[in-house]
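Visitor: The chain contents come next:
Number of protein chains: 2
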Amino acid sequence: MNETNINNTQQNLNEKIESLNLEIDKLNNESKNNWELFVRCKAEMENLKKRTDKEILNTSNFALQNILCDFIPLLDSFELCFKKKTEDNLINIDGVILMHKMLLNILDKYNLKKISTEENEKLDISKHEAISVEYKDDIEEDDTIKTVLQNGYILNDRVLRYVKVSVLKRKN
Amino acid sequence: MNETNINNTQQNLNEKIESLNLEIDKLNNESKNNWELFVRCKAEMENLKKRTDKEILNTSNFALQNILCDFIPLLDSFELCFKKKTEDNLINIDGVILMHKMLLNILDKYNLKKISTEENEKLDISKHEAISVEYKDDIEEDDTIKTVLQNGYILNDRVLRYVKVSVLKRKN
Numbered sequence: 001m002n003e004t005n006i007n008n009t010q011q012n013l014n015e016k017i018e019s020l021n022l023e024i025d026k027l028n029n030e031s032k033n034n035w036e037l038f039v040r041c042k043a044e045m046e047n048l049k050k051r052t053d054k055e056i057l058n059t060s061n062f063a064l065q066n067i068l069c070d071f072i073p074l075l076d077s078f079e080l081c082f083k084k085k086t087e088d089n090l091i092n093i094d095g096v097i098l099m100h101k102m103l104l105n106i107l108d109k110y111n112l113k114k115i116s117t118e119e120n121e122k123l124d125i126s127k128h129e130a131i132s133v134e135y136k137d138d139i140e141e142d143d144t145i146k147t148v149l150q151n152g153y154i155l156n157d158r159v160l161r162y163v164k165v166s167v168l169k170r171k172n
Numbered sequence: 001m002n003e004t005n006i007n008n009t010q011q012n013l014n015e016k017i018e019s020l021n022l023e024i025d026k027l028n029n030e031s032k033n034n035w036e037l038f039v040r041c042k043a044e045m046e047n048l049k050k051r052t053d054k055e056i057l058n059t060s061n062f063a064l065q066n067i068l069c070d071f072i073p074l075l076d077s078f079e080l081c082f083k084k085k086t087e088d089n090l091i092n093i094d095g096v097i098l099m100h101k102m103l104l105n106i107l108d109k110y111n112l113k114k115i116s117t118e119e120n121e122k123l124d125i126s127k128h129e130a131i132s133v134e135y136k137d138d139i140e141e142d143d144t145i146k147t148v149l150q151n152g153y154i155l156n157d158r159v160l161r162y163v164k165v166s167v168l169k170r171k172n
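Top to bottom, those sequences are chains A and B. For the first sequence, UniProt numbering begins at 1 and goes up steadily by one. For the second sequence, UniProt numbering begins at 1 and goes up steadily by one.
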């Protein structure tokens with residue numbers, strides 16, 4: 001090896017080292033930036049969790065607050081109704097009809113609906129609950145509803161109380 | 001420089017390069033791991049946001065569902081009450097008192113309370129709203145409550161309706 005060659009080789013190696021050091025600096029920065037992104041994301045998530053818990057509590061409180069507010073006029077009507085009682089402790093039905101309407105309106109506002117059930121309708125276990133059975137000869141179809149014993153109610157698509165009914169079955 | 005020295009120097013440089021390459025591999029892995037941590041955190045956060053929106057909706061629905069369920073027996077009582085009316089369309093007060101109690105019990109369960117207000121109490125604008133004023137000579141203190149005109153209600157610490165009152169003021 002002549003001296004020029006030796007120098008060239010050493011220079012090449014030194015340049016290589018320099019370039020590798022630059023690469024290391026770059027990677028160090030990149031790794032640090034990625035770590036910082038992660039740490040920031042983690043902190044944001046913690047904040048989000050805290051906010052969420054608070055928001056859930058607020059949502060529940062707000063829903064209740066609204067519906068409870070709606071019932072205050074009904075309380076007033078009851079008090080008014082009592083003031084209008086006769087000496088025999090009787091109350092004219094009009095006031096009670098009015099209160100009933102107020103109650104229905106509030107519940108309707110929140111989408112609570114009476115499940116409409118016709119007599120002679122076929123029993124549908126997704127909304128009816130048969131609590132008594134009567135056997136007869138002249139029934140066309142089994143499980144026909146004879147009487148609604150207690151009304152049922154539905155909120156959006158969820159049955160809150162099943163309609164209690166008596167059904168007819170064919171005598172064998 | 002003798003040949004041994006040259007070889008030693010070149011060997012040192014090559015070893016340095018090897019060690020730098022190892023360092024680069026390590027940093028590449030580290031940076032990649034940090035990036036993956038960040039990406040996973042970001043995905044978790046997106047999921048959390050989606051779950052949160054759903055949870056908030058559920059919470060609100062669940063709060064309403066519970067309270068609406070509680071009102072179903074009151075609907076039954078109204079219907080029962082109507083069945084018991086006399087021929088003169090009068091209703092015995094007992095049924096109405098019972099319904100009033102049912103309503104109060106439900107509202108009490110959700111912490112809605114009547115704001116208790118005594119006559120001769122000092123007006124407190126955090127819960128009272130004076131809607132009429134009477135001027136008199138013999139008033140000890142201004143803004144003494146004369147009469148409660150409409151009841152007020154409080155839910156937890158929040159006034160849902162202020163107590164409407166008439167107040168007394170000294171005649172000058």
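Incorrect hints may have been included.
Note: identical chains are not told apart, hence a pair may lie in one copy or across any two.
Distance condition first, Cα-Cα at most 30 Å in a straight line; then the derived DSS-like pairs of lysine-lysine [stated by the list, open to error]: (1) Lys54 - Lys42; (2) Lys85 - Lys164; (3) Lys42 - Lys85; (4) Lys50 - Lys83; (5) Lys54 - Lys114.
These are computed hints drawn from the structure, not numbers from a lab.
Visitor: Starting from the hint list further up, note which numbers the structure goes against and sort them upward.
Guide: Failing hints, ascending: 3, 4.
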